[in-house]
Each structure stands twice: as C-alpha cells, then as structure tokens.
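Produce the complete structure using the sequences and hints provided.
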Amino acid sequence: MDEPLIARGFWGPRQETPDRIADRLLGFLAGLDEVVGESVRWSSPELPGESLTEPGNARRVIADAFLANTDAPHLGINQAFDGSGQRVRKFRISMGVGRYSEAPNAHNSFVVRWAGAEALAEPILRRLVAAWDPDWGNVTSRSLRDALGGPQGAGTPGPDVGYLNYLSEGRAQALPGDLDQQVAKLDEGGVVIGPDESDDLLSVEKAAALAEVLRPSAAFAPTPTARSKF
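Just so you know, the sequence shown maps onto residues 1 to 230 in full-length UniProt numbering.
Everything labelled a hint here was simulated from the structure, so no lab data went into it.
Calculated cross-link-like contacts (lysine to aspartate or glutamate; reagent style DMTMM-like; alpha-carbon spacing at most 20 Å):
#, residue 1, residue 2
1, K185, E122
2, K90, E50
3, K185, E169
Model, not experiment: these values are computed from the prediction.
Structure below.
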C-alpha cells in the first residue's frame, strides 16, 4: 500500500494516573518492537537527543505533561512521538489520554501511523488493544475514510469501519449474526473484524459493504460519555 496506514483506538472517559498511562505507552512500544522485529527508536520534543524508551524518560514526559495541565486535569494530556527503524522507516504516535470529562466530544484516543507494511496492520492493532483497552478501533487510511464517508453526525463520535476493525466485548455482543466468518475473538475480550479470506485487509469495496451492515447496528452506537466502554 502506497499511503500510510493508521491504527486507531478510542474510548470514553477514563481517569488514569501518569504512571498508568506511561505503563500503557511502554507496553505498546514493547509490543510494537516484537511486531517489527527490532527496537524502534522513539523521540519526543521534550527529550531532545534522548530516546523515549530509555529508563525513566516516558514516565518523566507523561508526568510533566500532567503537571502542565493542572488547571484542567479532566481534559487529560495530548502527546506526539516519532519513531524510526529499518523495516518501517517512520512511525508517528498521537495520543489524547487521561480524559475523564463527560463532555460529548471528550473521548480518549491513541493513533499510530506508518508507511506501507500492511502485513503489520493486524498485529499492531492487537498490540494497541492489549495496551490501551479501547472501546473501539480500526486500521484505516485517508483514502478509505474519504471513500466511506462519516457514519455519525457532528457531536456524536462513534465507531467507523476500516480495513480491520476492533470492537470491545460489549459492542461485540450487539453485532449482527451473519459475520461469524469475519470475526476473530480476542483472549482479553472483544473481537477483530476483517476479511473472511487470506487477505491481510478488507478491500475498499468490502469495507463499504461491511459499513452498510454495521453502521445501523447497536454495535456502532456513539462512544459513551459517562464511562470508558460501551
């Protein structure tokens, strides 16, 4: 695939300590290293010349971000990190986490972008789910999002269909019953929905067909505003 892929996870209000968020971040980064088979080097604007994964650095960056936001702790923090390696030359992480406001659009998110290597899509999505326990997530691209359009109106954020899709256990229980061949259950709960054959990703046409099935269903209800998951 020529354009970057985007793995995303979203969830509702969840108050977490800086240490817990740092643990989740480091857990994801360690899992990503396992997926790509090398140690990706991560940088942060707050750590010039240093790696995010050096001992104590991630905790310091997250703690400092919370200290800078003491006037509105319910809004959590926003951070971005750049990664580089040999198999995948460039990664980008953007995250807005630690939010526990019940405002309609105050969801939490963790987003990873990388160029090509579509065979990495499912393992990266699974590592994201294991680390961050989102309500829903997917692997998508700019062109796929443009092709499918948005399922929700303004102010009602909720799931959308990607090349691969994750739904939490509560959402999975509301899935239509004719998707069994496309659904893989995860040990930690929830499901991944993807192609029903050997392809790594759904085609645009099959993603569009899946969207027609899922968007009207209760499994695609808006992201909760009073709890983290559906």
